[in-house]
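Undergrad: In case you want the letters, here they are:
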Amino acid sequence: MSTLLLSLKIEFSGGLELLFSNQRSHRVQIPSIVPIDNSTSPSAAVPASDISMDLPTSPQSTDTGKTKAADITYLMYYLRDHLLKERVELFMEGGTVRPGILVLINDTDWELEGEGEYILKDRDEVVFISTLHGG
Amino acid sequence: MPPRNCALCANARAMLKRPKTGQQICRGCFFYVFETEVHNTITEAKLFKPGDKVAIGASGGKDSTVLAHVMKTLNERYQYGLDLFLLSIDEGITGYRDDSLETVKRNQQQYDIPLKILSYDELYGWTMDAIVSQVGKKNNCTFCGVFRRQALDRGAATLGVDHIVTGHNADDIAETVLMNIMRGDIARLGRCTLICTQGEDTIKRSKPFKYAYEKEIVMYAYFKKLDYFSTECIYSPDAYRGHARVFLKDLEAARPSAIIDIIHSGEAFEVREEVKATQKVQQTCQRCGYMSSNELCKACTLLEGLERGMANSAITDRARKKLDAEGPAPDNLRTIPFYRAPSAAGPNASIAVEAPS
Chain A
1 MSTLLLSLKI EFSGGLELLF SNQRSHRVQI PSIVPIDNST SPSAAVPASD ISMDLPTSPQ
61 STDTGKTKAA DITYLMYYLR DHLLKERVEL FMEGGTVRPG ILVLINDTDW ELEGEGEYIL
121 KDRDEVVFIS TLHGG
Chain B
1 MPPRNCALCA NARAMLKRPK TGQQICRGCF FYVFETEVHN TITEAKLFKP GDKVAIGASG
61 GKDSTVLAHV MKTLNERYQY GLDLFLLSID EGITGYRDDS LETVKRNQQQ YDIPLKILSY
121 DELYGWTMDA IVSQVGKKNN CTFCGVFRRQ ALDRGAATLG VDHIVTGHNA DDIAETVLMN
181 IMRGDIARLG RCTLICTQGE DTIKRSKPFK YAYEKEIVMY AYFKKLDYFS TECIYSPDAY
241 RGHARVFLKD LEAARPSAII DIIHSGEAFE VREEVKATQK VQQTCQRCGY MSSNELCKAC
301 TLLEGLERGM ANSAITDRAR KKLDAEGPAP DNLRTIPFYR APSAAGPNAS IAVEAPS
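So the sequences go chain by chain: A and B. Residue numbering for the first sequence follows UniProt numbering, beginning at 1 and increasing consecutively. Residue numbering for the second sequence follows UniProt numbering, beginning at 1 and increasing consecutively.
Hints are supplied without guarantee of correctness; some may be wrong.
Claimed, not checked - Here are the simulated BS3-like pairs of lysine-lysine, each with C-alpha atoms no more than 30 Å apart in a straight line:
#, chain 1, residue 1, chain 2, residue 2
1, B, 224, A, 121
2, A, 9, B, 321
3, B, 49, A, 85
4, B, 137, A, 85
5, B, 105, B, 49
Treat the hints as calculated values from the structure; they're not laboratory data.
Make a model of the complete structure from these sequences and hints.
TA: And the structure:
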């Protein structure tokens with residue numbers, strides 16, 4: 001892995017931004033290798049200065065130490081644990097986004113990209129749009 | 001997953017998967033099929049004729065914003081010859097409707113369509129904020145629903161329009177089918193999938209997005225960068241509809257065609273004549289002239305309750321009896337201005353309520 005941190009642009013709209021401090025656009029950095037159980041303890045998202053090549057096997061990883069390449073599912077947990085301000089049930093349900101929330105990866109419907117299993121790349125743009133708010 | 005090419009043009013990269021068909025298509029083809037399907041819905045149902053004046057019920061939300069954009073596009077592309085208007089109702093909900101009305105005002109500029117805003121305050125003398133302060137959050141949706149329906153008709157009458165189109169989409173209609181089944185409301189089940197309804201004294205109403213999935217409407221708004229407003233009403237939303245909606249979204253996640261299939265089921269029900277007949281004969285409200293199934297229309301009944309400080313009188317039988325026991329309405333009671341239907345009272349006035357054969 002040449003990149004250890006992925007810089008991502010995240011956008012929330014359609015009313016979903018209300019759960020994220022009423023801010024539509026966010027920039028986050030997440031590790032390119034993450035625990036397979038999606039745990040996002042602060043140690044998993046180390047500041048850039050602390051990054052070293054042994055991150056995947058660092059002792060703070062999960063007990064089993066199993067890792068995977070960062071995917072959209074991990075990103076959802078990360079956003080839930082670090083950016084979401086209220087009412088988690090309106091964002092995630094059963095390990096994925098709540099039905100009725102659309103996800104676009106670089107402007108493409110995530111259903112064409114493997115949904116939660118899409119492996120994130122540096123500078124990806126991910127948009128979450130709620131369709132559940134009034135029309 | 002390797003990028004795939006569009007299933008329709010085979011040239012551009014697919015950007016979205018259509019929930020209705022599972023097809024993977026590119027942005028350009030998506031705009032084209034979405035707009036063309038709405039056009040087909042309009043022409044197959046013969047919704048309009050050249051010269052019609054049509055008001056778009058505009059809330060500033062995603063559905064009506066996309067509807068305004070698509071109506072304008074199709075009117076130009078296929079030369080429908082329609083005179084379009086935006087019609088917005090200001091319910092008087094601080095922090096909710098006042099913000100969304102700003103969106104509608106921008107839409108007026110962006111689409112160059114004239115806008116009429118009619119407020120509950122000017123029509124009924126009550127804002128929703130004032131109503132909620134009197135009735136609380138429990139039954140306020142009843143007031144809002146009844147008042148909005150009549151306000152749209154009255155706004156349309158002021159504009160002299162023949163027809164109101166609303167942004168109700170396939171998801172909304174499937175939800176209503178489910179709700180009518182769960183409530184055992186078979187008469188409504190028989191009507192709720194109609195694309196166009198017309199009351200004797202009311203203006204035609206139709207739903208050009210009847211077969212348009214919410215997902216596609218939102219994608220359309222996103223790809224076209226349309227300016228819309230999204231927030232939940234600050235007063236309690238319709239809880240029963242909320243359950244139907246969550247259920248429907250779960251079904252859609254498992255099988256995307258569920259929405260169109262439920263609409264199809266709703267359309268295929270044949271409601272027995274005896275069941276249809278349980279609808280009361282329509283008459284004209286004695287106080288305000290609006291169509292009604294009783295001597296007083298629902299809006300006048302609700303308004304009288306508010307004015308006399310017994311807001312629940314139109315909601316529970318017990319409160320109604322209490323109101324009646326206090327005698328007739330005082331002469332100086334605030335009433336809704338008398339309603340004059342624009343042209344419905346003309347040659348075609350005898351059309352049966354909500355039953356365009």
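Undergrad: Compare the distance between the alpha carbons of residue 49 of chain B and residue 85 of chain A with 30 Å, and conclude whether the hinted pair is satisfied.
TA: Between residue 49 of chain B and residue 85 of chain A the Cα gap is close to 51 Å, so the pair fails against 30 Å, i.e. violated.
Undergrad: Given the hint that residue 137 of chain B pairs with residue 85 of chain A, test it: the Cα-Cα distance must not exceed 30 Å.
TA: It holds: about 25 Å lies between the C-alpha atoms, which stays within 30 Å.
Undergrad: Regarding the pair residue 105 of chain B and residue 49 of chain B, is the alpha-carbon distance no greater than 30 Å?
TA: 28 Å, holds
Undergrad: When you check the alpha-carbon spacing of residue 224 of chain B and residue 121 of chain A, does it fall within 30 Å?
TA: Holds, at roughly 26 Å.
Undergrad: Between residue 9 of chain A and residue 321 of chain B, is the straight-line Cα distance small enough, at 30 Å or below?
TA: 61 Å, violated
Going through the hint list in order, the structure does not satisfy hints 2 and 3.
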